[in-house]
Amino acid sequence: MKKIFISSVIILTAVIIAGQLSCSKLAEGRTDAIPALNPAKTDIDAGNWKPVLLTGPTEFAVAAPAAVTTPGYVAELNEIKALQRNMSKQQEANIAYWGAGGVLRWNELMRDLVAKYNLPPYQNADGSYPIPSAANPFAYPLFPFANPPYSARAYAYISAAQYDALVAAWYYKKLYNRPAPYKTDATVLAKLPQTDLPSYPSEAAVLAGVTAEMMKLLFPGEIANIQQKLEEQELAAIQAGTATRSDIEAGEALGRLVAQKFTARARADRAGAAVGTPADWAALETTTAAKGEIPWISQDVPKRPPMLPLFGRVIPFLFDANTTIALRPPPPPLTASEQMKKETAEIKDLVNNPTRERIRIVHFWADGVATYTPPGHWDAIAAEDFITKNFSEVRWARNMALLNMSLMDAAIVCWDTKNFYYNPRPTQLDPSIKTLTGLPNFPSYISGHSTFSGAAATILSYIIPEKANAYQAMASEASLSRMYGGIHYRSDCEVGLTTGKKVGDFAVARGKTDGAD
Amino acid sequence: MRRFILCHDKKYYLVILLAILSFKQLSAQTDADAIMMVKNNFCTGLMYSHSSWSNYWEGTSKRNNENLGTVSNNMYAVMGNYGVSDKLNLLFGVPYVQTKASAGTLHGLQGLQDLSLWVKWNPIETKLGKGLFSVYGIGGVSFPTTNYVADFLPLSIGLQSTNFSLRAMVDYQIGNFFATASGTYVVRNNINIDRTSYYTTQIHLTNEVAMPDASNYQLRTGYRSGRMIAEAIFNQWNTLGGFDITRNNMPFPSNKMNATTAGVNIKYNIKAVDGLSLIGSGSITLAGRNMGQASTISGGVFYIIDFSKKTKTTNSPAKEK
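Protein chains in written order, with our numbering: chain A, 74 to 590; chain B, 693 to 1013.
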């Protein structure tokens, strides 16, 4: 019996030790522990940069702050000093988190929300599909379905609004020239890198206010969570010694006002009607069939209406709606043509002979269901490069706005083209083609990934010229990944890339004249 | 060592039940039976297993998916068990797996999956009451043999994690009737996937996925003699952590995958050919979470090679302790 006991103890001990090995398996994110943003330049004259929507930096007035000698201001310094005592680990972590950059962190939070909401609704019992409702965002299906066009637009509105709000903020910073609290009082600790940038209004609070206000429109089910993030960011700015309560309040108020202007634009930009009606969906099919072409048909079971087929009519940021039509490329090969047969056979050959490296490329760029979509992927690529550039917050916002306006307008041109030609996928023309990634539920020509990537690579090559070759290589790989995956023809991808580049050129033209260079 | 089941030339045969535990995670289960190879005997064989499901649990709610139809899985495995001593065995198993969906457009995958290695130790075997009581300790490691795709569930062939397992097992046999109970803790290492971010209950900006550990409980009971074994098997696999598939989402390697399966397993030693045995088994999934409700059938053939001194032994009765 003693032997039984000893052996049992040995075995049980070993099992328990194995259990302990399971600790510390956290998979650390690439931006979890990046250093605090320490801009190379303050961009003090950014108040003169050209806004996207504001008529000018003073469209929304920001009252002059109290002088740093007033009792009210001194009381605010005392608030900071009190908050800097006995800070919790969580509060220190919040300062480090937000100190890495507000534009960066809000972009990451946006990507989180897009991935969370990027789920196609499950069908109704009768085989139809429910449409998410902004009026009731908590009912299934949750609003929004953050698919690629929806999220491209969401990223663009957030980024453009942040940019305009910061241009206005920089104008008033220079105008009022109130130094940071750690400069007005030596006993206020600076927990982030010191800067000569004036603190009124607080750029952190401008970003928090403008983003939280925009989110009411874009992710109405997340208002409470977003508000909590806003409070964390503002408290971090105060506890870091970079802003007083009045810097924060003026900043948040300015941000919210700017957001309201963008919200008003968004409500009238035709995105709300992009889902179309059953009559619209039928018309797309019959119009294409009347031309003698095989129209796209949903291969979801049950058949799902095309994704936002009227998104091509949304009003772009970088050009007008007529230009959308002018940018529409010539038609794809006719569905009955030899060329189309050849292109279909090429895709079949690719999916029948997948290499591990090609599957890696397919999955690296797939950005499908429950991801932050191709625009989010390009935001991630851009953000991780911007981190290395030490941009000021306003320059971060300007660059993100140029990128995300390109991506939204690329989505508009791409969706216009897709639903104008309404071309079938390779799997529709040859059902023996099996795909290595999810089959998107909208027409084939032109490839969304290619259009997004062509646009993104073009504007990013302008922003960071030394990486131009790398961005072009990424765009080509992203484009090819859709052929390797079995969901696009070569024409879709090649024309998508060149069309995307044309959209990106509009952003480059804007960037050259916005005053930031 | 189960001396009751002694058959020809003191050879014991190997039993392997391949349970489809996750969407496709495989487990060589010889390590979960109370049978040892005697010293210098090597048992090896081939197994074929077919598993399929049409319904699955999306979190806790059961559904089908007309864009997948029936997801099926064929597995061909090579396995072996070597008796270092009567009390210590070394085991291995490596499967080749093919997957397929009967509907929708998704491409099936195939390839060599994970190599499993086990050390099985039988420190105690003693009379207890009218029967024989044994205790086993089993340690195992499994790791991917190829860079197969993990992040394409439900059609990936495996999960890519390197796993370390420890199992405690007890067996009690009276006459030809036995019962075996085991509990296992599985440490699962993180994996790397092809994309640079993924969403669980939040976004992760990395290609590294933290894999929750797992536990496994098993009960087996039935008839065991030198000629054959017929047993019922009840198995419970739990992922200790992980998250649920959200509504109409795709599965992910770090999901909380649980399954309760029940099955039967029959092994038979061919009288005519010394050392040759056949195995057949089947199982169904009674309950689950973030997994397919799989039904599985398996068949295999095994042969024992005796590397000990070529002393001709005769059929001997069960050695009494």
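Hints listed in this document are in silico derivations from the structure and should not be mistaken for laboratory results.
Even glycine gets a Cβ: it sits at the ideal position worked out from N, Cα and C.
A few of these clues could be false.
What follows is a list of derived Cβ distance ranges for each label pair [as the list claims (entries may be wrong)]: (1) A:Thr428 with B:Ile866: 42 to 48 Å; (2) A:Pro194 with B:Gln894: 20 to 26 Å; (3) B:Gly974 with A:Gln412: 50 to 56 Å; (4) A:Glu132 with B:Gly800: 39 to 45 Å.
Outcome of the hint check:
{"no.": "1", "hint": "A:Thr428 with B:Ile866: 42 to 48 Å", "in the structure": "violated (57 Å)"}
{"no.": "2", "hint": "A:Pro194 with B:Gln894: 20 to 26 Å", "in the structure": "holds (22 Å)"}
{"no.": "3", "hint": "B:Gly974 with A:Gln412: 50 to 56 Å", "in the structure": "holds (52 Å)"}
{"no.": "4", "hint": "A:Glu132 with B:Gly800: 39 to 45 Å", "in the structure": "violated (58 Å)"}
Hint violations for this structure: numbers 1, 4, all remaining hints satisfied.
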